[in-house]
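J.: Start from the sequences and build out the full structure, keeping to the hints where you can.
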Amino acid sequence: MQLDTQPWYKQLWPWILILIPLVAFIRGGWAFHVMLQNQPEMVVDDYYREGRTINNRLELYREAALRNLEAHVLVIGNRAVVRFAENAVLDETLHLDFHHTTLGAHDFEVVAERSGELLYVATLPHTPSGRFRLVVSDDSKEWRLRVTLDVPTEQEVRLGY
Numbered sequence: 001m002q003l004d005t006q007p008w009y010k011q012l013w014p015w016i017l018i019l020i021p022l023v024a025f026i027r028g029g030w031a032f033h034v035m036l037q038n039q040p041e042m043v044v045d046d047y048y049r050e051g052r053t054i055n056n057r058l059e060l061y062r063e064a065a066l067r068n069l070e071a072h073v074l075v076i077g078n079r080a081v082v083r084f085a086e087n088a089v090l091d092e093t094l095h096l097d098f099h100h101t102t103l104g105a106h107d108f109e110v111v112a113e114r115s116g117e118l119l120y121v122a123t124l125p126h127t128p129s130g131r132f133r134l135v136v137s138d139d140s141k142e143w144r145l146r147v148t149l150d151v152p153t154e155q156e157v158r159l160g161y
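Heads up, the final residue of the sequence shown is numbered 161 in UniProt numbering, and it's a clean run with no missing numbers.
For the record, the hints were derived by calculation from the structure and aren't laboratory data. You may find that some hints are simply not true.
What the hints assert, rightly or not - If you anchor each label on the Cβ, the simulated ranges turn out as follows:
hint: 1; residue 1: Glu63; residue 2: Asn38; range: 38 to 44 Å
hint: 2; residue 1: Ala24; residue 2: Thr93; range: 56 to 62 Å
hint: 3; residue 1: Leu22; residue 2: Phe108; range: 44 to 50 Å
Here a beta-carbon is modelled for each residue, glycine too, at the ideal position from N, C-alpha and C.
T.: Spelled out as structure tokens, the structure:
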């Protein structure tokens, strides 16, 4: 019988056994670092940032319902067209807020100019693509209409309360 007289640190097996948890620890640290660098963004909408005033914001949608506002939106390329069903008393411009459903960096706002009696046309800063929440409001912020749409659209989408 032959005795192994080498110390443990000169053996191969202890280093392999030490290496397994060491690699797991390093990978966990790397995953933690990646998580800190790529924190998820909170989706922009009234219910998060202004949670205490959500009832005030919902009143804007109720006001649009009381005014019986009915509109459709069409987004093609870098143009957005909002068409109202009837000639309500409306301002010369409308605010269109595009909020991407997952990426806050893709959010943008534009102003739509009146083009005729029932139409408003806005030129977008770029050609958007993906799923957006669109909020349409007047200059005085008295009412709002909203819809979730996939851009670009091929058909008009009805704005709701």
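J.: Which of the listed hints are broken here?
T.: Checked against the structure, no hint fails, so every one of them is satisfied.
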